[in-house]
Amino acid sequence: MTTRIDRRMAKLKSEGRPALVTYIMGGDPDYDTALAIMKGLPVAGSDIIELGMPFSDPMADGPAIQAAGLRALKGGQTLARTLKMASEFRAGDDETPIVLMGYYNPIYIYGVDRFLADAKASGIDGLIVVDLPPEMDEELCIPALKAGVNFIRLATPTTDDKRLPKVLQNTSGFVYYVSMTGITGSALADTAKVSAAVTRIKGHTALPVCVGFGVKTAEQARVIGASADGVVVGTAIVNAVANVLGPRGEKTADPAEAVATLVSGLAQGVRSARLAAAE
Amino acid sequence: MNKPAMPNSFRTGPDEQGMFGIFGGRFVAETLMPLILDLERNWNEVKNDPDFKAELQNLSTHYAGRPSKLYFAEGLTRHLREVSSAKGLGGGAKVYFKREDLNHTGSHKINNCLGQILLAKRMGKKRIIAETGAGQHGVASATVAARFGYPCVVYMGATDVARQSPNVFRMKLLGAEVRPVTAGHGTLKDAMNEALRDWVTNVEDTYYLIGTAAGPHPYPELVRDFQSVIGTEARAQILEQEGRLPDTIIAAVGGGSNAIGLFHPFLDDKDVRIIGIEAGGRGLDGIEHCASMSAGKPGVLHGNRTYLLQNGDGQIMDGHSISAGLDYPGVGPEHSWLRDSGRVEYVPILDDEALEAFQLTTRVEGIIPALESAHAIAHAMKIVPSMDKDQIVIVNLSGRGDKDVHTVANMLGMEI
Numbered sequence: 001m002t003t004r005i006d007r008r009m010a011k012l013k014s015e016g017r018p019a020l021v022t023y024i025m026g027g028d029p030d031y032d033t034a035l036a037i038m039k040g041l042p043v044a045g046s047d048i049i050e051l052g053m054p055f056s057d058p059m060a061d062g063p064a065i066q067a068a069g070l071r072a073l074k075g076g077q078t079l080a081r082t083l084k085m086a087s088e089f090r091a092g093d094d095e096t097p098i099v100l101m102g103y104y105n106p107i108y109i110y111g112v113d114r115f116l117a118d119a120k121a122s123g124i125d126g127l128i129v130v131d132l133p134p135e136m137d138e139e140l141c142i143p144a145l146k147a148g149v150n151f152i153r154l155a156t157p158t159t160d161d162k163r164l165p166k167v168l169q170n171t172s173g174f175v176y177y178v179s180m181t182g183i184t185g186s187a188l189a190d191t192a193k194v195s196a197a198v199t200r201i202k203g204h205t206a207l208p209v210c211v212g213f214g215v216k217t218a219e220q221a222r223v224i225g226a227s228a229d230g231v232v233v234g235t236a237i238v239n240a241v242a243n244v245l246g247p248r249g250e251k252t253a254d255p256a257e258a259v260a261t262l263v264s265g266l267a268q269g270v271r272s273a274r275l276a277a278a279e
Numbered sequence: 280m281n282k283p284a285m286p287n288s289f290r291t292g293p294d295e296q297g298m299f300g301i302f303g304g305r306f307v308a309e310t311l312m313p314l315i316l317d318l319e320r321n322w323n324e325v326k327n328d329p330d331f332k333a334e335l336q337n338l339s340t341h342y343a344g345r346p347s348k349l350y351f352a353e354g355l356t357r358h359l360r361e362v363s364s365a366k367g368l369g370g371g372a373k374v375y376f377k378r379e380d381l382n383h384t385g386s387h388k389i390n391n392c393l394g395q396i397l398l399a400k401r402m403g404k405k406r407i408i409a410e411t412g413a414g415q416h417g418v419a420s421a422t423v424a425a426r427f428g429y430p431c432v433v434y435m436g437a438t439d440v441a442r443q444s445p446n447v448f449r450m451k452l453l454g455a456e457v458r459p460v461t462a463g464h465g466t467l468k469d470a471m472n473e474a475l476r477d478w479v480t481n482v483e484d485t486y487y488l489i490g491t492a493a494g495p496h497p498y499p500e501l502v503r504d505f506q507s508v509i510g511t512e513a514r515a516q517i518l519e520q521e522g523r524l525p526d527t528i529i530a531a532v533g534g535g536s537n538a539i540g541l542f543h544p545f546l547d548d549k550d551v552r553i554i555g556i557e558a559g560g561r562g563l564d565g566i567e568h569c570a571s572m573s574a575g576k577p578g579v580l581h582g583n584r585t586y587l588l589q590n591g592d593g594q595i596m597d598g599h600s601i602s603a604g605l606d607y608p609g610v611g612p613e614h615s616w617l618r619d620s621g622r623v624e625y626v627p628i629l630d631d632e633a634l635e636a637f638q639l640t641t642r643v644e645g646i647i648p649a650l651e652s653a654h655a656i657a658h659a660m661k662i663v664p665s666m667d668k669d670q671i672v673i674v675n676l677s678g679r680g681d682k683d684v685h686t687v688a689n690m691l692g693m694e695i
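Order-wise, the sequence lines are chains A and B.
Going by our numbering, the first sequence opens with residue 1, and the numbers climb by one from there.
Going by our numbering, the second sequence opens with residue 280, and the numbers climb by one from there.
Keep in mind the hints are simulated off the structure, nothing from the lab.
Since the structure is predicted, the reported quantities are computational estimates derived from the model, not experimental observations.
Please note that a few of the clues may not be correct.
Taking beta-carbon pairs under 7 Å as the criterion, some of the chain A residues facing chain B (in silico) [said to hold, decoys possible]: (1) 57; (2) 109; (3) 112; (4) 130; (5) 181.
By construction, the Cβ of each residue, glycine as well, lies at the ideal position given by its N, Cα and C atoms.
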């Protein structure tokens with residue numbers, strides 16, 4: 001069974017370029033604006049969308065994504081509304097893969113079976129759940145795979161060769177390599193080390209490897225994209241939203257336009273990655 | 280729903296996956312997973328190592344001042360017998376305090392910190408981080424870090440920094456860096472998030488010294504085992520002083536480390552009634568309390584599944600308690616399991632009731648209890664008058680209340 005993620009990755013491979021994976025927070029700063037931002041992503045050059053499910057206690061996130069989650073929750077976002085956002089997006093775009101990213105508790109409270117059924121119906125292709133390591137696979141990973149939803153695992157600098165097979169075992173769609181030990185939005189790690197890690201992981205799996213945490217500029221996207229199958233950008237996009245909000249949350253410019261401008265630049269960086277590498 | 284069958288023993292958990300029934304587990308980011316497995320390996324090595332035990336025993340005796348006394352609280356007992364008589368009951372059980380307030384640093388927290396600092400040393404770690412609510416664990420962490428020569432960073436909610444200022448100063452004197460956390464309500468939950476973010480960033484050299492019997496496996500088990508010295512001593516002491524086991528034991532539950540420490544050695548003594556006291560705050564009708572087991576439901580936070588205060592969307596609530604040490608919307612997973620299995624009762628005590636117990640204990644016993652411990656005493660005040668005179672109650676006096684005088688003065692409308 002192939003998913004939208006598999007098809008998109010295969011297509012990009014044939015084109016000889018890495019994927020631009022863009023993260024936005026569902027419902028940030030409000031439902032309608034977030035949906036407009038989301039709809040603009042593929043137009044601006046995003047290949048895969050990570051849709052953040054806000055959580056009150058995001059342990060792996062830095063200040064930017066923490067603040068985005070709080071804005072969304074304050075705006076009334078819930079898991080049900082995040083799913084609704086996905087299905088509204090899906091009504092106009094049946095190709096761009098959507099990966100939900102967040103923490104387990106809201107899913108656990110929603111109910112795993114009900115969540116998977118509703119996610120599938122909303123056009124969700126994959127899940128990244130930060131606080132579910134392979135040791136907890138029975139909770140959501142196995143049921144998701146049975147439901148035909150990709151479960152995308154994070155591999156990190158602390159995941160050594162001995163542990164890597166366990167991490168990769170039930171992973172599908174792609175592997176998300178976390179470029180550093182740290183929280184989202186920190187400074188990018190040494191790119192040579194990241195490339196070496198991508199090569200190491202590729203030695204263990206045929207799945208595409210996307211790299212995230214710390215990628216903020218088109219130039220960084222180009223460098224990382226030279227070796228990785230995809231580049232994930234999150235904090236920079238979330239900051240683009242925050243930058244056009246005033247002190248009381250009022251919009252000083254159009255967030256969707258701000259994000260589209262940033263993503264267009266990143267897309268150029270990613271698209272020139274392999275050309276640069278080939279030179 | 281049927282209750283699960285009563286196990287033969289309540290003292291065998293957790294299982295190899297770190298589960299107490301459906302509670303516990305290892306819900307952490309992949310970055311931390313190898314560290315937690317490494318900690319588990321080291322813990323399994325040391326827990327039956329005679330050298331490790333001897334070193335801990337030596338420090339417990341000569342540095343922390345163990346064993347702590349089991350004290351017959353004659354003044355409180357007399358007072359509660361008068362209350363009983365006034366109600367025409369003519370009863371009133373004997374009340375004993377397990378004096379953890381007399382430990383070095385002023386609370387039970389030192390028991391766990393001594394154990395974990397020895398573990399950190401054995402693992403070759405170079406830096407200690409900790410979270411703290413009331414500051415008792417922060418002080419105990421800063422103390423053992425000073426004693427063993429480690430740099431120490433303590434994360435503390437900004438609200439707690441303000442209401443527990445004496446402890447903040449103590450930590451600074453001990454050489455620790457106190458980092459205030461402004462997220463959320465600025466209490467223990469937020470401090471723990473920030474400590475986890477530090478740990479995920481500094482994986483190579485940092486030991487996370489968790490202060491309560493919560494977090495991912497193996498923390499709930501190892502914190503419990505280091506704190507079980509409380510119950511082990513209390514059990515032997517009451518047998519020596521009274522020639523029999525107590526009828527009831529009571530302890531306050533925030534994350535639940537002093538409570539599990541007292542309870543665990545008594546869990547298979549079927550005739551001993553065990554009661555954990557949650558922070559009822561301003562009442563369970565609203566959201567201003569921290570009674571996760573009385574008013575919450577199971578969910579996943581800070582590495583484990585346990586009872587949590589949360590809304591219908593699975594977002595964690597901030598809660599409220601007069602006592603910073605109980606101001607946490609979750610609880611250690613073993614308590615959740617003990618609740619569901621029916622072995623331990625968990626009941627709330629309101630801010631006002633705790634405040635009254637704080638004042639009464641100070642006046643009739645000459646002991647200023649921590650506001651956390653005052654919650655446990657408040658429940659004893661409720662049940663002791665209707666018990667018989669030949670019955671025995673042990674209350675865990677988990678810490679001393681010097682740190683709380685500003686909060687209490689505020690509540691009473693007094694200036695100091």
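Open item on the list: Name the hints, by number, that the structure is in violation of.
Closed with: Number 3 - this is the single hint that the structure violates.
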